[in-house]
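A.B. asks: Single-letter residue listing:
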Amino acid sequence: MNSPAATETGTRLPEPGYSAAAHPDAAEPANARPAALPTWLDRWLEAASERLNPILVKETRQALKSPQFVLWFLVLLAACWVVTIGGIAWIGPGVHYAASGGILFLAYYFILAAALVVVVPFAAYRSLASEQEDNTRDVLMVSALTPRQVIDGKIGSATLQIVVYLSALAPCIAFTYLLRGIDLLTILLLPGLAVLASVGLSMLGLVLASATRQRYSQVLTSVALVATLLGVCYWCQLAAVGAVREGYLVYRQPGFWMAVAAGLTAYGCALLLAYFGAAAMNAFASANRSTALRRALFVTQACFVGWIAVAWVYYDLDRQALISAAPMGWVFWLFAGALLTSERPILSERVRRGLPTTPFGRFFTTWFNPGPGTGYLFVAANLASLLLLALAGMFVTPVGRLAFENELGFIVLGAAYVVGMLGVARLIILGLRRFATLSLLGGFLVNFLLLLGSAGLPELIRASVTRIGRMPFSWYDVVSPVRVLDVIINDKVGSLDLQILLIVVPGVSACVLLINTLLAASEIQQTRVPLPQRVIEDDRLLDPTHGRPVNPWGDAPADAAT
Amino acid sequence: MVSATPSAKRPAPDRPLIELRGLHRVFGDTHAVRGVSFEVYPGQVFGYIGPNGAGKTTSMRILATLDEPSAGDALVDGLSVIEDPDRVRRRLGFMPDYYGTYQNVSVADYLDFFARAYGLRGAERRRAISFATDFTGLDPLLHKPIDGLSKGMKQRLALGRTMIHDPAVMVLDEPAAGLDPRARIELREMISRLAALGKAVLISSHILTELAEICDSVGILEQGRLLAVGSVDEISARVATQCYVTIRAVGGVAPVAEWLAQHEQVSDVAIEGDRLRLQHAGDEAAQADLLAELVAAGFRIIEFGSRAVSLEDVFLHVTEGRVQ
Numbered sequence: 174m175n176s177p178a179a180t181e182t183g184t185r186l187p188e189p190g191y192s193a194a195a196h197p198d199a200a201e202p203a204n205a206r207p208a209a210l211p212t213w214l215d216r217w218l219e220a221a222s223e224r225l226n227p228i229l230v231k232e233t234r235q236a237l238k239s240p241q242f243v244l245w246f247l248v249l250l251a252a253c254w255v256v257t258i259g260g261i262a263w264i265g266p267g268v269h270y271a272a273s274g275g276i277l278f279l280a281y282y283f284i285l286a287a288a289l290v291v292v293v294p295f296a297a298y299r300s301l302a303s304e305q306e307d308n309t310r311d312v313l314m315v316s317a318l319t320p321r322q323v324i325d326g327k328i329g330s331a332t333l334q335i336v337v338y339l340s341a342l343a344p345c346i347a348f349t350y351l352l353r354g355i356d357l358l359t360i361l362l363l364p365g366l367a368v369l370a371s372v373g374l375s376m377l378g379l380v381l382a383s384a385t386r387q388r389y390s391q392v393l394t395s396v397a398l399v400a401t402l403l404g405v406c407y408w409c410q411l412a413a414v415g416a417v418r419e420g421y422l423v424y425r426q427p428g429f430w431m432a433v434a435a436g437l438t439a440y441g442c443a444l445l446l447a448y449f450g451a452a453a454m455n456a457f458a459s460a461n462r463s464t465a466l467r468r469a470l471f472v473t474q475a476c477f478v479g480w481i482a483v484a485w486v487y488y489d490l491d492r493q494a495l496i497s498a499a500p501m502g503w504v505f506w507l508f509a510g511a512l513l514t515s516e517r518p519i520l521s522e523r524v525r526r527g528l529p530t531t532p533f534g535r536f537f538t539t540w541f542n543p544g545p546g547t548g549y550l551f552v553a554a555n556l557a558s559l560l561l562l563a564l565a566g567m568f569v570t571p572v573g574r575l576a577f578e579n580e581l582g583f584i585v586l587g588a589a590y591v592v593g594m595l596g597v598a599r600l601i602i603l604g605l606r607r608f609a610t611l612s613l614l615g616g617f618l619v620n621f622l623l624l625l626g627s628a629g630l631p632e633l634i635r636a637s638v639t640r641i642g643r644m645p646f647s648w649y650d651v652v653s654p655v656r657v658l659d660v661i662i663n664d665k666v667g668s669l670d671l672q673i674l675l676i677v678v679p680g681v682s683a684c685v686l687l688i689n690t691l692l693a694a695s696e697i698q699q700t701r702v703p704l705p706q707r708v709i710e711d712d713r714l715l716d717p718t719h720g721r722p723v724n725p726w727g728d729a730p731a732d733a734a735t
Numbered sequence: 050m051v052s053a054t055p056s057a058k059r060p061a062p063d064r065p066l067i068e069l070r071g072l073h074r075v076f077g078d079t080h081a082v083r084g085v086s087f088e089v090y091p092g093q094v095f096g097y098i099g100p101n102g103a104g105k106t107t108s109m110r111i112l113a114t115l116d117e118p119s120a121g122d123a124l125v126d127g128l129s130v131i132e133d134p135d136r137v138r139r140r141l142g143f144m145p146d147y148y149g150t151y152q153n154v155s156v157a158d159y160l161d162f163f164a165r166a167y168g169l170r171g172a173e174r175r176r177a178i179s180f181a182t183d184f185t186g187l188d189p190l191l192h193k194p195i196d197g198l199s200k201g202m203k204q205r206l207a208l209g210r211t212m213i214h215d216p217a218v219m220v221l222d223e224p225a226a227g228l229d230p231r232a233r234i235e236l237r238e239m240i241s242r243l244a245a246l247g248k249a250v251l252i253s254s255h256i257l258t259e260l261a262e263i264c265d266s267v268g269i270l271e272q273g274r275l276l277a278v279g280s281v282d283e284i285s286a287r288v289a290t291q292c293y294v295t296i297r298a299v300g301g302v303a304p305v306a307e308w309l310a311q312h313e314q315v316s317d318v319a320i321e322g323d324r325l326r327l328q329h330a331g332d333e334a335a336q337a338d339l340l341a342e343l344v345a346a347g348f349r350i351i352e353f354g355s356r357a358v359s360l361e362d363v364f365l366h367v368t369e370g371r372v373q
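Just so you know, the protein sequences line up as chains A and B, in that order. Each residue of the first sequence is one higher than the one before, starting from 174 at the first, in our numbering. Each residue of the second sequence is one higher than the one before, starting from 50 at the first, in our numbering.
Any given hint could turn out to be false.
Far from chain A, by Cβ distances over 10 Å, these chain B residues were calculated [unchecked claim]:
(1) 255
(2) 256
(3) 315
Listed next, the in silico DSBU-like pairs over lysine-lysine satisfying Cα-Cα at most 35 Å (straight line) [claimed, not checked]:
(4) A/665 / B/193
(5) B/193 / B/203
(6) B/200 / A/238
(7) A/665 / B/203
Stretches of chain B that chain A covers, calculated by requiring three or more beta carbons in the stretch to come under 8 Å of a beta carbon on chain A [what the hints assert, rightly or not]:
(8) 114-121
(9) 168-178
(10) 262-275
(11) 320-329
Since the hints were derived computationally from the structure, they do not count as laboratory data. Ideal Cβ positions, reconstructed from N, Cα and C, are used throughout, including at glycine.
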């Protein structure tokens with residue numbers, strides 16, 4: 174150390190007084206930029222950069238210095254140049270009159286899809302997974318960044334990469350329009366599809382990286398993710414070939430834009446669920462990790478019902494459409510319910526501080542509170558609302574391909590099985606938690622094994638006993654939702670059997686629901702706890718009306734400082 | 050609750066900055082932390098010592114809001130790490146026993162990132178970075194990539210990151226591990242300076258001599274249990290009943306050893322070269338009496354020295370070397 178302030182051991186230490194005022198010379202950055210921009214623009218850009226997500230800033234800086242990113246970008250540019258030069262040389266003089274834009278567009282699109290659908294999502298996955306490997310996750314988590322800010326930063330970084338790749342390819346893609354043979358709508362829609370796929374898959378990568386903390390599980394998820402990315406990339410390229418060849422015909426079909434809108438809604442809902450899921454997996458144990466997810470689930474169901482209703486009104490569907498749509502709702506709630514009923518049974522004091530106090534608030538929002546009991550009732554209530562809507566739809570639609578009794582049985586039994594299975598699984602989880610600590614994944618596995626057992630056991634009996642195996646339906650099959658719903662939809666069950674099933678299965682499910690409701694009483698009866706005195710003091714210190722400080726130094730907000 | 054009272058040379062505010070209350074952490078069959086309780090006040094350096102697997106890192110991770118206790122609670126500036134981790138994080142800097150650095154990032158960018166992560170903006174962020182680099186002596190390396198830094202420099206960088214938001218509490222897990230002697234001395238000085246700035250510092254280390262020099266109090270942990278808390282002198286007074294005496298005499302120490310073997314308060318007499326080492330179960334007055342007796346017995350004593358009990362002696366006395 175060659176500092177004038179060096180101590181006897183050579184350590185360079187500043188004078189006492191750990192405060193900003195002790196360092197007025199530090200008010201300007203060490204690497205202050207020369208005044209190349211107008212002052213107002215420079216200030217505006219600086220103020221804007223202050224509001225950027227820290228992870229986005231850090232990862233952008235990292236990417237600019239990263240050999241991998243630079244290499245990928247150069248490979249992408251080189252591929253574009255090869256395609257452009259090679260393509261034009263191959264087309265030859267025909268470039269002036271032949272409609273060769275479609276072929277060149279496909280070549281560019283293959284490059285774009287590879288970058289957007291494979292490289293960017295995998296980079297997003299690695300970005301979060303490497304936080305664990307490089308031991309930076311802990312130092313990130315103890316910072317003041319919230320889990321949502323972490324996910325925002327990672328997805329923002331992926332989006333920035335998308336923009337960089339897209340901007341590199343945009344001139345080439347625009348060039349294909351000049352060559353004719355491809356319409357503007359296809360040129361806009363296909364890159365849009367690749368961008369949406371890229372963002373969605375990046376979010377999937379973040380969910381997987383959040384869910385896997387061990388090295389062996391990270392290897393497995395890496396392989397699964399790469400396989401998925403390659404599959405989606407292939408699908409995108411197939412879609413591009415179809416769109417370039419026959420897209421102009423598809424766009425004119427009356428339901429095309431409605432299907433696009435429905436697809437975008439489903440995409441938005443899935444993205445929302447993945448976002449809240451990833452944020453929840455990175456949140457501290459006592460945080461409320463469930464309410465946002467439940468709201469997203471509720472919104473997803475509302476969108477689902479809304480689109481079914483729209484399709485119903487516009488296309489005058491028969492009851493078969495309901496029969497086709499209903500299993501989607503069951504599977505959705507079975508999956509969501511398996512996660513919700515596996516939540517921690519403890520409602521932290523931190524969550525209880527925010528519980529509603531009014532009867533109105535308690536009635537409508539208790540189901541959104543974390544906890545396996547409220548989770549189960551939340552799923553049951555949503556399934557009940559779906560069932561009621563489906564039944565209402567059936568009664569106002571006279572036309573059906575099956576007997577009304579079968580359709581009714583299919584709808585009612587499907588919902589009853591989901592409620593029953595989730596309820597039984599929750600009782601098993603409650604029992605297991607008396608003896609051992611069961612994680613969310615453990616609870617999810619209990620649900621999965623129960624479903625597997627209930628569907629597999631009757632099949633085992635069928636395979637073992639020839640007499641039963643020959644029958645399309647036996648009472649051994651009653652525990653198997655797959656078998657029961659299959660014989661109902663294929664009209665292989667007798668009328669009497671169906672009537673008995675319609676009494677037994679909903680009856681058992683109602684009993685399971687009742688038992689679970691009674692067991693969930695302690696969760697439902699939770700009331701708000703007052704804020705600790707120390708937190709009230711802290712809030713008073715941070716009161717915005719008293720010039721809220723942005724850090725423990727008590728400094729004024731940055732706007733004022735800059 | 051065991052309380053490590055603040056050093057006499059520093060003010061004793063009424064509220065501890067770190068407070069562990071009956072902390073327990075269980076991993077399956079392993080009870081990593083068992084009912085640990087202590088307090089650390091502003092300006093105090095608290096040494097957390099214990100063998101590997103004693104539960105030091107576990108309790109530090111709980112304090113840093115990276116893990117949840119199975120029972121009990123830990124408070125930072127009166128705020129619970131379980132219920133108010135967000136508020137705790139703004140008051141606490143945690144330096145784990147690994148660097149936690151990113152690839153393709155310079156020292157300046159690294160500190161800038163964490164300053165942003167703690168919500169520091171504009172001029173105050175630049176001031177914080179400047180202070181951290183100044184404090185840790187990293188200014189000349191500001192634009193160097195982290196990958197190229199030495200161990201000692203990385204450790205300084207980690208300390209800079211830990212203090213970037215000026216936390217009231219600093220939790221340092223094995224900060225001196227793997228450092229050369231000069232870097233250790235420098236780190237020790239930095240920690241003393243942090244305490245002088247009024248911060249409560251909780252530090253774990255295996256290098257007990259160093260802890261003894263900078264710590265106001267220590268907590269000795271074994272198998273998840275806090276065996277002793279207090280200043281080294283306090284614990285020594287509680288646990289150590291003997292001191293070590295070295296004697297040299299004209300004409301050799303063998304006859305002296307024979308004579309001392311009959312003495313009631315003396316044990317473990319051993320000849321090491323021209324010196325005699327023994328343990329004496331008495332206070333300073335008793336040692337003076339022993340010297341007088343030796344001289345009266347005709348021995349020509351040219352060296353008679355007693356050594357106070359060191360932190361290492363206390364550690365070895367308190368712990369039993371059990372692991373879990």
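A.B. asks: None of the hints should be skipped; say for each whether it holds.
C.D. replies: How the hints compare with the structure:
1. Listed as a non-interface residue, residue 255 of chain B keeps its Cβ farther than 10 Å from every Cβ of chain A; the least gap is roughly 20 Å.
2. Taking the minimum C-beta to C-beta distance to chain A, about 16 Å, the non-interface status of residue 256 of chain B holds against the 10 Å cut.
3. Non-interface call for residue 315 of chain B relative to chain A: holds, since the shortest CB-CB distance, roughly 41 Å, exceeds 10 Å.
4. Distance restraint check for residue 665 of chain A and residue 193 of chain B: the Cα-Cα separation of roughly 75 Å exceeds the 35 Å cut-off, and the hinted pair is therefore not satisfied.
5. A hinted pair counts as satisfied when its Cα atoms are at most 35 Å apart, and residue 193 of chain B with residue 203 of chain B qualifies at roughly 12 Å.
6. Distance hint between residue 200 of chain B and residue 238 of chain A is fulfilled; the C-alpha atoms sit about 22 Å from each other, no more than 35 Å.
7. A distance of roughly 72 Å separates the Cα atoms of residue 665 of chain A and residue 203 of chain B; the hinted pair therefore is violated under the 35 Å criterion.
8. Counting residues of the segment 114-121 of chain B whose beta carbon lies closer than 8 Å to any beta carbon of chain A gives 3, which reaches the threshold of three, so the coverage claim holds.
9. Note: the segment 168-178 of chain B has 11 residues with beta-carbon separation from chain A under 8 Å; the three-residue rule is met and the coverage holds.
10. Coverage of a stretch by a chain is defined here by at least three residues with a beta carbon nearer than 8 Å to that chain's beta carbons; for the segment 262-275 of chain B and chain A the count is 0, and the condition is violated.
11. Residues of the segment 320-329 of chain B with a Cβ under 8 Å from some Cβ of chain A number 0, which does not satisfy the need for three, so the listed coverage is violated.
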